[in-house]
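Asks: Given the sequences, and given the hints that come with them, work out the whole structure.
Counting in the numbering used here, the sequence shown runs from -3 upward without gaps.
None of these hints come from the bench; they were simulated from the model. Positions of the beta carbon are idealized from the N, C-alpha and C atoms, including for glycine. A couple of the hints might just be wrong.
[Stated by the list, open to error] Per label pair, the in silico range of CB-to-CB distance: (1) G58 / E0: 14 to 22 Å; (2) L48 / P9: 28 to 36 Å; (3) I67 / E16: 20 to 28 Å; (4) R33 / E0: 31 to 39 Å.
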Amino acid sequence: LLRERGRRVVWAPEFWEFPEWADGADLMFADAAGWRRPIRFRGGVGGHACVLDIAHEARRRGVKRLVFAHIGRPS
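Replies: Next comes the structure, spelled out in structure tokens:
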């Protein structure tokens, strides 16, 4: 989470559930699995939610701009 001149920018590359601290961000960078299917990482250490779920939650939680930095399987 970066704050500068009253603006909030969030970098949230890997999450299974939408992070509360991203609520109301001016700009959010996120990773996602695919359009409709989430990915769980081996060993239960996290994963990627799907694009549509992240976009829906971002809108519901007041994120102003959402950019997907990566969509698909982890590299």
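Asks: Each hint: holds or not?
Replies: These are the hints, each one checked on the structure:
{"no.": "1", "hint": "G58 / E0: 14 to 22 Å", "verdict": "18 Å, holds"}
{"no.": "2", "hint": "L48 / P9: 28 to 36 Å", "verdict": "18 Å, violated"}
{"no.": "3", "hint": "I67 / E16: 20 to 28 Å", "verdict": "23 Å, holds"}
{"no.": "4", "hint": "R33 / E0: 31 to 39 Å", "verdict": "35 Å, holds"}
This entry does not satisfy hint 2, going by the numbered hints stated previously; all others are met.
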